[in-house]
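J.: Next come the chains, spelled out residue by residue.
Number of protein chains: 2
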Amino acid sequence: VFALTAHADSSDGKRAAYVVDTTLSPHARLHPVPISAVTMGEGFWKPRLEANRTKAIPRLLELLEEHGVVDNFRRLSGRKQCKRRGPLFTDSDLYKWMEAAAWTLAASDDAAVRASLDRIIDEVLAAQCDDGYLNTYFVDERADKRWSDLGRAHELYCAGHLFQAAVAHYRATGSDVLLDGAKRYADYIASEFGPGRRQGAPGHPEIEMALVELYRTTGETRYLELCRFFQDQMKWTELRSLRGHAVRALYACAGGADYLMETGDAAYRTALDAIWTDLTTRKMYITGGAGARHHGEAFGDPFELPNDTAYAETCASIANAMWNWRMLLATGEARYADVMERVLYNGFLSGVSLAGTEYFYVNPLQSDGGHQRQPWYGCTCCPPNVQRTFACLPGYLYSTSPEGLWIHLYDDNVLDWRLEDGTQVRVSIETDYPWGGRVHLAVSPEKTAEFTLFLRIPAWCGEATVRVGGAETTCKAGAYHAIRRAWKAGDDVGLTLAVAAAPVVCDPRVTANRGRVAIARGPLVYCLESVGNEGVNIMTAGLPVGASIESMYQPDLLGGVVELTFDGRWLAYDSQEALYRRVGQTDEPASQQGRIRAVPYYAWANRGDSKMIVWIPLLP
Amino acid sequence: VFALTAHADSSDGKRAAYVVDTTLSPHARLHPVPISAVTMGEGFWKPRLEANRTKAIPRLLELLEEHGVVDNFRRLSGRKQCKRRGPLFTDSDLYKWMEAAAWTLAASDDAAVRASLDRIIDEVLAAQCDDGYLNTYFVDERADKRWSDLGRAHELYCAGHLFQAAVAHYRATGSDVLLDGAKRYADYIASEFGPGRRQGAPGHPEIEMALVELYRTTGETRYLELCRFFQDQMKWTELRSLRGHAVRALYACAGGADYLMETGDAAYRTALDAIWTDLTTRKMYITGGAGARHHGEAFGDPFELPNDTAYAETCASIANAMWNWRMLLATGEARYADVMERVLYNGFLSGVSLAGTEYFYVNPLQSDGGHQRQPWYGCTCCPPNVQRTFACLPGYLYSTSPEGLWIHLYDDNVLDWRLEDGTQVRVSIETDYPWGGRVHLAVSPEKTAEFTLFLRIPAWCGEATVRVGGAETTCKAGAYHAIRRAWKAGDDVGLTLAVAAAPVVCDPRVTANRGRVAIARGPLVYCLESVGNEGVNIMTAGLPVGASIESMYQPDLLGGVVELTFDGRWLAYDSQEALYRRVGQTDEPASQQGRIRAVPYYAWANRGDSKMIVWIPLLP
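Chains A and B supply the protein sequences, listed in that same order.
With this note's numbering applied, the first sequence covers 1 to 620.
With this note's numbering applied, the second sequence covers 1 to 620.
FYI, nobody ran anything at the bench for these hints, they're computed from the structure.
Check the hints yourself; a few may be wrong.
Label pairs and their calculated CB-CB ranges [to be verified]:
id, chain 1, residue 1, chain 2, residue 2, range
1, B, Lys80, A, Pro302, 41 to 51 Å
2, A, Pro302, B, Gln372, 15 to 25 Å
3, A, Thr277, B, Asp301, 27 to 37 Å
4, A, Gly369, B, Ala471, 50 to 60 Å
5, B, Arg484, A, Gly535, 44 to 54 Å
6, A, Gly546, B, Glu238, 55 to 65 Å
7, A, Gly535, B, Asp574, 29 to 39 Å
8, B, Gly546, A, Gly535, 13 to 23 Å
9, A, Ser175, B, Asp574, 51 to 61 Å
10, A, Gly535, B, Glu42, 48 to 58 Å
11, A, Arg85, B, Asp301, 29 to 39 Å
Ideal placement from N, C-alpha and C gives every residue a C-beta, glycine not left out.
Could you build the full structure based on these sequences and the hints that come with them?
T.: And the structure:
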């Protein structure tokens with residue numbers, strides 16, 4: 001039984017730029033806060049979001065133009081005579097850029113972004129067929145090939161990204177220009193596919209979550225039904241583990257979670273739980289990265305998590321965050337926020353340069369050098385995916401539930417929003433997170449109101465305390481700490497999370513990490529990089545058992561990071577002519593020792609070519 | 001221009017049970033010594049060869065009977081009504097068993113083996129078609145499928161193994177019963193394939209070396225031409241590196257080396273040199289094993305040599321030894337004998353249990369347990385391949401050239417043979433090799449004769465001296481030490497090879513071995529095994545830089561081995577619930593230390609289920 005209440009824009013006078021709109025989803029525990037309700041302060045994320053808006057989004061549009069991606073649409077509308085260029089799925093790259101631009105407008109009325117987006121929307125819609133179909137590849141001389149190769153052709157995938165861009169544009173700006181085009185296309189697809197009509201499932205899932213969001217935005221149940229149809233076609237609820245292409249599998253999970261929140265279908269819950277356990281206990285890198293294998297961009301076997309040949313596509317990290325955001329909304333369970341945070345600060349953020357305009361497609365956890373971020377890829381899915389994730393980010397910080405307000409991620413910001421009973425509330429957060437663990441919150445409801453403030457205590461946090469109204473309480477890690485009281489304007493909350501650097505050991509079934517540790521501090525995974533460790537053979541450097549690790553904030557290093565140092569030891573050897581060389585005690589690799597520096601994993605490869613390693617030997 | 005001189009049996013009154021007969025090959029530097037000329041003494045190999053002859057060969061024939069492999073032939077001859085059983089290539093398993101039995105008869109007139117072999121030859125030949133074709137799969141109801149799927153059907157592969165069995169039988173016993181059948185089949189294949197006739201190459205090479213040996217045995221140049229035809233069809237001489245299925249690739253190399261020795265074709269030499277360099281500097285395990293990947297039983301990329309997921313099929317080790325034996329015969333270069341020895345004592349010998357009747361198909365260099373040898377496999381290629389290798393082994397110890405006598409492998413034995421000028425010579429060798437490096441040789445020509453004695457000094461040997469006629473000389477490792485003098489009956493030679501245990505470092509491009517060492521002693525690679533190391537977490541145990549390694553012969557351990565021990569350290573941790581666990585100094589994996597034991601790699605998994613590791617951390 002579907003929830004038949006039409007979703008649609010909220011009626012509270014604010015633009016409801018929700019990143020996944022569960023406001024009316026009957027099986028969602030949490031409800032999001034719109035991007036526009038959050039004003040980012042001078043914390044960790046703001047410079048990155050600013051670079052995304054002012055540099056990366058404009059630059060990527062230039063590159064999309066240079067590579068003919070927009071011309072592909074102009075060619076169809078007759079505005080330009082040219083050949084189609086790019087991979088068959090490249091429409092989706094433009095759609096993801098449009099989604100990024102749209103979410104950006106929810107946070108900032110950037111005239112340049114708005115103008116660019118309006119122009120691109122016009123170019124895209126001008127290419128739409130009369131029947132609603134919109135794809136630059138399967139038209140014209142290939143028009144008779146529509147839907148002929150669902151497994152590989154990415155038509156439904158591209159459509160999904162168009163729908164997501166349209167939903168974002170509508171939620172961020174109130175304009176239904178693009179949304180109308182999306183609905184026409186979705187209606188056409190719904191008329192083609194379904195019981196008694198065309199059968200088949202998208203080879204690259206994505207459209208499922210887009211259809212649910214379209215349903216939430218329009219109230220049209222046929223979109224939810226079409227989502228279910230595609231999921232049934234791929235027998236998705238029978239899955240219990242992750243195999244094959246990582247991005248596809250994780251997008252399918254996100255779509256499953258979306259469907260679950262609308263229907264409460266137990267088969268979806270069972271599949272999602274099993275797959276999530278498979279991911280987080282057997283197939284996820286410490287960075288939140290997913291997809292062990294280059295071949296097929298695929299998940300490996302359980303515990304197959306090589307570091308140097310890790311694929312860990314940036315898009316897979318993003319898909320992982322998107323899925324966990326949905327699981328968090330569905331359940332309010334902190335474990336999903338833990339995965340989101342792990343991804344955002346590590347496997348996602350490594351995907352983009354400090355400058356904000358170069359991207360990794362592949363995110364290894366160990367490199368002998370030669371791995372550098374690029375502004376563009378032949379398959380350029382990751383850059384616009386990074387951009388839409390940055391643009392969404394303010395929308396991930398908070399949620400509401402009937403009990404009160406939830407805080408998932410800590411950063412300097414001000415929230416202006418309302419409780420679910422309509423009480424306006426302002427929350428100001430000041431923090432040095434993630435470099436430090438002190439979080440100061442000023443909670444100001446418009447009038448004194450009893451509600452619960454749910455503070456997320458990260459699972460990595462060994463010691464957390466909260467001080468409110470003069471009383472200090474110890475908090476449980478890996479959970480939301482609930483503070484229920486009558487809040488009044490100006491109430492202060494002090495949260496202290498211990499962010500001490502510590503080694504992390506891996507399940508010994510992961511061969512690559514056996515006898516090794518990673519070093520983490522707060523939400524950040526660290527790495528050794530050859531740059532900054534001159535004279536150290538970082539590829540053999542180890543951390544002695546019990547060694548103390550010092551933390552020091554370095555404002556001029558890599559945009560400002562806490563650098564870690566420790567007294568370590570390494571073997572001095574680099575290359576040899578023979579594959580195997582028998583050595584005596586006199587020509588054994590020499591043991592050397594000295595101070596070793598570690599920097600956040602996300603920041604590596606920003607100082608020219610370098611070697612890098614995350615998992616280093618723990619020296620007994 | 002082919003060498004048109006008919007080869008054939010040698011005319012010196014001895015049976016010429018040559019393992020690869022290069023006696024008349026114009027481009028072979030060395031010429032083999034027949035198996036029958038070597039009497040093995042009470043050394044390392046004899047008990048293994050005895051177990052092979054008295055236990056393994058009879059037992060495998062029982063299993064071949066139980067699994068219907070012989071019945072497949074009886075079915076065709078009408079001697080039994082039954083269904084065909086086993087994989088389509090299983091004829092080759094019986095042929096390899098026949099080859100093993102035949103070579104065994106060259107060393108020992110074992111009445112039971114002879115009777116079994118004669119019986120099986122009769123069963124096989126009774127199934128041969130009138131046109132010479134002989135294959136139990138593509139006959140009868142599948143007769144019209146002959147040669148229809150050369151890539152996968154293994155027809156030519158099976159034929160090759162039949163030819164090799166026939167050649168061995170003829171050389172070992174003088175009987176041409178099986179050889180006549182092989183010639184009829186080869187003539188039929190030659191009438192079917194060739195320029196202007198059927199095209200195509202065997203999907204699984206093997207027949208190439210068999211055809212050259214058939215040419216050497218019969219003098220019929222059409223067999224050599226057919227070998228060349230198949231090699232041309234696969235454009236073999238264009239290859240410069242190893243890819244794909246390891247056994248196939250290495251058999252093709254062996255066939256290429258055979259063809260080179262007959263023709264001197266420079267294109268073959270170029271290809272063989274390049275491929276050999278690719279193998280030995282980029283794709284070979286320290287055990288001599290080959291084939292990094294389970295998927296496709298294939299070679300990996302350069303330096304892709306994982307230990308736990310190593311495939312290193314026993315057959316690939318054998319193929320590697322077969323190829324290097326041919327390269328050694330072609331050139332007289334010690335580097336090929338080094339690889340042969342590496343394979344024989346490690347990656348080959350690990351393929352069989354100490355009892356001699358159980359086999360590994362896959363030979364990993366690291367195991368968490370559960371890897372046990374089996375008497376039989378559904379694809380049972382390895383067991384009979386091990387058997388024919390043991391049966392050949394005495395034929396690998398020596399060669400001759402016009403300059404004199406070459407000694408490749410050291411073990412207790414007596415050689416009764418002749419120099420190439422016809423002078424009879426006896427060489428008696430007493431040695432504790434491979435446990436010790438003292439080799440005593442008594443050289444007795446029938447009359448005083450000037451010739452060179454070429455003593456192989458292994459590349460692993462840091463220090464080698466030879467004492468002859470009261471003078472001691474230092475020898476260069478990785479070369480043949482040539483002693484030219486007028487030898488007279490009773491001349492003594494004392495060779496001392498330093499076999500001290502030492503760590504081996506790997507090219508750092510092999511990620512799995514970076515910061516790790518293997519321990520080797522003499523020709524043997526060692527491993528840590530959980531059995532015998534109770535209380536030690538061997539999977540994290542490391543060797544401190546500069547640690548001294550003690551050697552002690554243990555007569556009751558694993559059939560008698562030198563055990564190595566050293567003071568090492570390890571981390572005490574085994575399992576954990578979460579994939580990643582952040583630890584503090586109090587719950588870090590504890591550093592422990594104690595005496596650690598290492599045993600020869602070949603001997604692992606002979607004491608029940610165990611964990612095993614070859615490459616252990618070198619602790620700086």
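J.: Now tell me, hint by hint, if it's right for this structure.
T.: For each hint, the structure was consulted:
no. : hint                             : in the structure
1   : Lys80/B to Pro302/A: 41 to 51 Å  : 47 Å, holds
2   : Pro302/A to Gln372/B: 15 to 25 Å : 22 Å, holds
3   : Thr277/A to Asp301/B: 27 to 37 Å : 33 Å, holds
4   : Gly369/A to Ala471/B: 50 to 60 Å : 53 Å, holds
5   : Arg484/B to Gly535/A: 44 to 54 Å : 53 Å, holds
6   : Gly546/A to Glu238/B: 55 to 65 Å : 57 Å, holds
7   : Gly535/A to Asp574/B: 29 to 39 Å : 36 Å, holds
8   : Gly546/B to Gly535/A: 13 to 23 Å : 22 Å, holds
9   : Ser175/A to Asp574/B: 51 to 61 Å : 59 Å, holds
10  : Gly535/A to Glu42/B: 48 to 58 Å  : 56 Å, holds
11  : Arg85/A to Asp301/B: 29 to 39 Å  : 32 Å, holds
The earlier numbered hints are all upheld by this structure, with none contradicted.
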